[in-house]
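Protein chains: 2
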Amino acid sequence: MLIKIAITGKGGVGKTTLSGTLARLLARDGYEVLAIDADPDMNLASSLGVEIPPKPLVDYKDLIQERAGTEGGAFIYNPKVDDIAGKYGVIGPDGVRMLVMGTVDKGGSGCMCPASAFLRALLRHLMLKEKSAVILDMEAGIEHLGRGTTRGMDLMIVVVEPGERSIETAERIKKLSSEIGIKRLSAVINKGGSGKVNHRLEELGIPILGEIPFDPKLMQADLEKRAPIDVGGEAVEAILKIKEKLMEIVEDIRKEQEESKK
Amino acid sequence: MLIKIAITGKGGVGKTTLSGTLARLLARDGYEVLAIDADPDMNLASSLGVEIPPKPLVDYKDLIQERAGTEGGAFIYNPKVDDIAGKYGVIGPDGVRMLVMGTVDKGGSGCMCPASAFLRALLRHLMLKEKSAVILDMEAGIEHLGRGTTRGMDLMIVVVEPGERSIETAERIKKLSSEIGIKRLSAVINKGGSGKVNHRLEELGIPILGEIPFDPKLMQADLEKRAPIDVGGEAVEAILKIKEKLMEIVEDIRKEQEESKK
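Protein sequence lines correspond, in order, to chains L and U. Counting the first sequence from 1 gives a position; this note's numbering is that position plus 166. Counting the second sequence from 1 gives a position; this note's numbering is that position plus 166.
Bear in mind the hints are in silico, worked out from the structure with no lab data behind them. This structure is a prediction, so every number in the text was calculated from the model and none was measured. The hints are all genuine.
Note: identical chains are not told apart, hence a pair may lie in one copy or across any two.
Listed below are the simulated BS3-like cross-link pairs for lysine-lysine, each with C-alpha atoms no more than 25 Å apart in a straight line:
id	residue 1	residue 2
1	K428	K349
2	K362	K383
3	K297	K349
I would like the entire structure built from these sequences, with the hints used as guidance.
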């Protein structure tokens with residue numbers, strides 16, 4: 167089975183920390199993990215502990231031109247991408263394979279639409295081995311939901327922090343994700359927000375997957391450019407618990423996928 | 167004179183808090199202020215203390231279609247926008263006029279390219295009264311620099327926090343902003359990062375405009391949905407100092423604008 171998880175939320179809530187740590191934990195459980203940095207302002211590599219991130223997919227301009235290139239102004243939505251994940255990723259700690267969608271190379275050079283179309287196609291056609299997982303670290307905010315980059319995800323996790331603004335983002339994500347057919351949305355409360363925002367999530371009907379306490383070790387890891395999982399601490403322990411709860415959802419998804427095959 | 171300032175940075179560093187508070191402070195100094203929320207995941211309204219934000223510019227679909235609409239797939243870059251700011255804003259506390267670029271209405275409905283083109287045109291053609299300022303609260307990250315939305319800004323402020331990742335974003339912003347012709351880039355260090363990142367900013371050659379301490383009152387304001395300036399506290403005091411230092415830069419820009427008129 168292949169499970170696809172997208173991590174979303176307002177900027178700065180902790181998407182990348184959760185993405186990188188979850189990817190490493192799943193890899194330690196024997197999953198073949200593909201972690202994709204889908205944020206043009208990319209920094210998943212440091213959260214995974216990957217020292218030299220792979221060349222972004224957008225840098226393979228010819229490849230994109232050839233396979234997702236514009237034809238009369240419209241992107242071809244189903245480029246051939248089967249070999250991309252194997253060819254253009256790097257292997258990081260615990261065997262996590264990492265891909266980077268792309269960044270903005272030059273001021274004024276354009277938008278991320280072609281790169282997003284390419285990533286969307288990649289996600290649709292991805293074939294990994296048995297027991298595999300894709301973790302997608304999305305850009306801050308909601309534009310990716312307009313683009314439909316995360317269509318077809320099995321689960322979307324929205325990270326929130328104590329504060330109304332990240333809740334507003336979660337509310338927008340709930341609406342938009344259901345419109346692109348995402349059936350499962352769960353929240354992770356970060357920065358010790360427990361108790362402060364739980365009732366708001368309840369009102370919104372977003373189940374809580376887990377909570378991560380405020381942990382200065384995360385700031386330490388960031389300053390030292392080390393992966394949080396390699397620094398350890400309360401936050402990482404909390405993500406371990408989140409991973410365990412996530413496994414229950416994964417089991418549901420697995421059953422559903424088997425049902426649909428019958 | 168009209169001074170145009172864009173507030174940028176990694177997600178969650180405090181762009182919106184700084185934007186809203188600076189806008190209010192400038193208005194109190196007698197500036198005609200236009201504050202624009204250029205983040206699709208918008209929340210500048212609450213930071214300004216605007217209770218009911220204006221209808222986003224993208225909601226005026228006909229208007230955009232007519233003035234910035236696609237013709238054969240290409241956006242017209244110079245739509246007629248002179249009357250937009252007056253017509254479609256709301257007036258908030260201290261007389262700040264507020265505009266909202268737009269959000270993602272529907273999952274899968276598309277990207278923010280048309281809205282960005284419209285905003286870019288708006289910014290280029292904006293005519294305000296004497297002693298006026300535009301404060302642009304940008305989306306997290308760097309895609310707007312690819313799109314060149316902030317071309318023509320007099321000053322770009324990048325907000326950083328204690329952590330390598332927000333510094334990496336600042337580095338990217340420095341490179342990309344110079345490529346679209348931004349001549350002045352300054353940093354504001356937020357969340358008590360003083361001493362931790364100063365040397366990194368020095369290495370990057372980004373002058374420091376000021377520092378904002380970690381202040382729980384900001385979280386309180388967010389939870390209560392009130393403008394930080396109406397709640398007060400150390401952070402707001404610090405932004406007042408930043409505003410004063412900003413005035414020195416504004417004076418330089420004023421002199422330059424006068425020189426260029428001669």
